[in-house]
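Chemist: Chains as they are written, first to last, in numbering that gives the first Met the number 0: chain E, 0 to 477; chain D, 0 to 434.
By construction, these hints were calculated from the structure, which means they are not laboratory data. For glycine and all other residues, C-beta sits at the position ideal for the given N, C-alpha and C. Some hints could be false.
[What the hints assert, rightly or not] DSSO-like, lysine-lysine: derived pairs with alpha carbons at most 30 Å apart: (1) E:299 / D:219; (2) D:101 / E:370; (3) E:377 / D:423; (4) D:101 / E:300.
[Stated by the list, open to error] Restraint ranges, calculated between C-beta atoms of paired labels, are given here: (5) D:206 / E:267: 43 to 51 Å; (6) E:365 / D:263: 43 to 51 Å; (7) D:104 / E:236: 51 to 59 Å; (8) D:104 / E:413: 36 to 44 Å; (9) D:266 / E:118: 31 to 39 Å.
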Amino acid sequence: MYDVIIIGAGVSGCAVARELSRYQVKACVLEKAEDVCCGTSKANSGIVHAGYDAMPGTLMAKLNVRGNHLMGELSEELDFPFSRKGSLVICREKDGLHRLEELKERGEKNGVEGLKILDREQVLAIEPNVSKDVIAALYAPSAGLVCPFSLNIALAENANENGIEFYLDTEVQKIRKTELGFWVQTSRGDYETRYIVNAAGVYADQFHNMVSEKKLNITPRKGEYYLLDKSAGTQVTRTIFALPTNFGKGILVTPTIHGNLLVGPTAADIEDKEGTNTTADGLAAIAEKAGQNVSGLPLKKVITSFAGLRAHEDGHDFVIEEANDAPGFIDCAGIESPGLTSAPAIGEMVAEILRKKLGLTENPHFQGRRKGILDPSKLSMEERNELIQKNPAYGNIICRCEMISEGEILDSIHRPLGARSLDGVKRRTRAGMGRCQSGFCSPRTMEILSRECGIPMEELTKSGGESRLIAGTNKDSF
Amino acid sequence: MEQYEIVIIGGGPAGLAAAVSARNAGAGQILILERDKELGGILNQCIHNGFGLHTFKEELTGPEYAARFISQVEELGIEYRLHTMVMDIDRKKVITAMSREKGMYQIQAKAVILAMGCRERPRGALNIPGYRPAGIYSAGTAQRLVNIEGLLPGRKVVILGSGDIGLIMARRMTMEGASVQVVAELMPYSGGLKRNIVQCLDDFGIPLKLSHTVIDIKGKERVEGITLAAVDEKGVPIPGTEEEYECDTLLLSVGLIPENELSSQIGVTLNPVTSGPIVDESLETDVEGVFACGNVLHVHDLVDFVSEEAAAAGKNAARYVDKFLKKENIYGKEEADPYHGQSQAAVSLIPTGGVRYTVPSIIHPDRMQEEQVVRFRVGRVYYNCYINVYLNGERLLHRKRPVMAPGEMEQIKLKESWFANVPKNAEMTIQIEEA
């Protein structure tokens, strides 16, 4: 019997798990994928929003600003890449000026600090590649960039180190109310729990609707992106947003925390909750709109494109509360943008609900600091040599594009909730994320994974399930 | 800091031939830095034959061809380091390298030869819509898995792109038991050698669909199928021509990109057409004492020409070092030195009329050999046309070619005598004249 079962090991679920691990509690996270950070959390803009978009008084507005506020300290505690680079909302038409003012007022009501409207010259002085048509921009110094994988994985690892259990490849199929709480049927056996945290992303409505009559409806809203080579990463130094319209925030152009350039997302409501495919129309739409606010975008330097699904709930606000007619069932639903930014605050809020309900007491062994995978490129040559002497694997470069060593890959495999697949290694180390997109390193990374995890090459996967990389051996069909 | 006369970055065919030639031209301390566990580069996974027809007048496999050069390197006592990644090179030719055994360290070179080769264009660069499942491999990655590891990446294969590696892999996958259903090529002509189309596709009954591309990839976990469509002359898919193929593997052979991250770190200027350094007749880049050869300079079809080009780079690097040393040793008696920007003239080679680029793109007449090889590629297929070479308006070469294609590198030879009394900053144009 668990005190709490968290459904979903995305950034919300893991943030809840990490905050919950501050208390003495028997809790676990159930995740249908083979790794944490496999749904919406892995395919988004990687942006820490300032908090001027959401309407004052909404949960979105409150948690965005709070999450933004918490992110700096959290990135130090959990050792993940985060940088407050600032953002600009670009206005190119006179009729847009009042909307810029509205955004600023909205932001100030939401508690966003430092918002300023810059004129054309001020904008071009700090971002010379912004379209010359710009007439003004809303500058938000508190906006930032984060590595979404590192944030999600750091939260998961730290939660796990502090006693939260994780069951991967474990798909929740049915939930039934019981006298003491809930009975949870999964693809790998049944669980019983007093409380459930429903952090299931685009599937959160399905789980909610299993226990509640007050139905939720989540529409997957597809966002497609282009990722450009690092040689294009200095095109802009801040996140460049379009002026939002009724149709959404539009196509943004941003450097990533690792120095690539990201362009997107589109916004298309779809039915398929697994529909993470890119589309010809979507990719064409980005190419068409990308240049509106930033000139000279080198779209020839695209190294990959991808699509993510935002969990859009009909009410267009985060749903974080105990379901009215299902005591013990805590929703963490409708977590669309700014969900990544809000994650630390979502974790805090849900853990507080649970603390009160369950009367939890502090975990005396809680260790809030976690060390990420060592980045040798940040070391001096002397330090690096010392490292290689101690562990020669750090002298063996596996991914030539991102210059990732065998040492980092071994670390990604052997740490808590370590990588078991090619994508797992990629999200943790960036091996395979560079301009050759793993053409060079994938056979080498596969060898390391196979050796370290004792998985035969034929059983290795790209991302779990049926995503096997190798079909067999030469001539085995003769 | 360790010091070497010539440091060669990369121990593949270009690096090996450059090393041998530099030693034969008198260079003393030469060091080859190779990131892999053995010398030979990509040749080690090219186990098919057809290498060396020009160089050795016989048909060798890739590893055999490499072995000929490796044994010369060994015999000449040329030093090399394996498992060694070059992390950085600066303008002063200080090389930062790293290996398990030696850690991170620096080497001062007098001359550097860039021979890093190229990499394959990935799927992402093509913007093919669809899912991102397992089973999508660049042809070279699949070649490594099959030929080095003995692993079959898939059983039912579609190949996009008709580059040589894709054609070779169509045959290899078939011979290893996979079924290769079709090779699709976006362009109206193949990107590979004619002989590979005959030997790798025609002989195995594998269809080649020109002016076709993949417009969708199905399967969320592993590839389950792709959609192929014909494209118009602009490369845009034509509605109504879609064909579904069931497959578990998509191989991509859609172009090679010279790997010039280190070149850029040094400050070498790149040619946007080739993505390789701009070089002169000596294969010297615009950073003095830095030479380039092989696929890092421009992508070749035949390794024989890589070896030939690399030999020239090696010899010129040795000459450079010789001059460099003399200048140091005979202090105060400095001669007019053509290697340090005091050349009489620099003739620019201008590709035009169907010629996409030339290597080299600058000729210093006072530094050139009696005959200077110029290599280039054309932008489309030409039949019964002429290669023309003009120097300051005067036509010096008019050679008939029955067929020329983008997939086959062309070469011409310029004569030193043409450049006698050439004015400073003259222009030479190389063009295709259609009959």
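Chemist: None of the hints should be skipped; say for each whether it holds.
Modeler: Against the structure, the hints:
Taking the CA atoms of residue 299 of chain E and residue 219 of chain D, the gap is near 26 Å; set against the 30 Å cutoff, the hint holds. A distance of roughly 27 Å separates the Cα atoms of residue 101 of chain D and residue 370 of chain E; the hinted pair therefore holds under the 30 Å criterion. Under the criterion of a C-alpha separation no larger than 30 Å, the hint pairing residue 377 of chain E with residue 423 of chain D is inconsistent with the structure, at around 49 Å. Distance hint between residue 101 of chain D and residue 300 of chain E is unfulfilled; the C-alpha atoms sit about 35 Å from each other, more than 30 Å.
Range check, residue 206 of chain D to residue 267 of chain E: about 35 Å between beta-carbon atoms, so the 43 to 51 Å window is missed. About 47 Å separates the C-beta atoms of residue 365 of chain E and residue 263 of chain D, a value consistent with the hinted range of 43 to 51 Å. Under the hint 51 to 59 Å, the C-beta atoms of residue 104 of chain D and residue 236 of chain E, about 34 Å apart, miss the expected range. The hint said 36 to 44 Å for the Cβ distance between residue 104 of chain D and residue 413 of chain E, and at roughly 28 Å that hint is violated.
At about 37 Å, the CB distance of residue 266 of chain D to residue 118 of chain E agrees with the hint of 31 to 39 Å.
Consistency note: the structure conflicts with the earlier hints numbered 3, 4, 5, 7 and 8.
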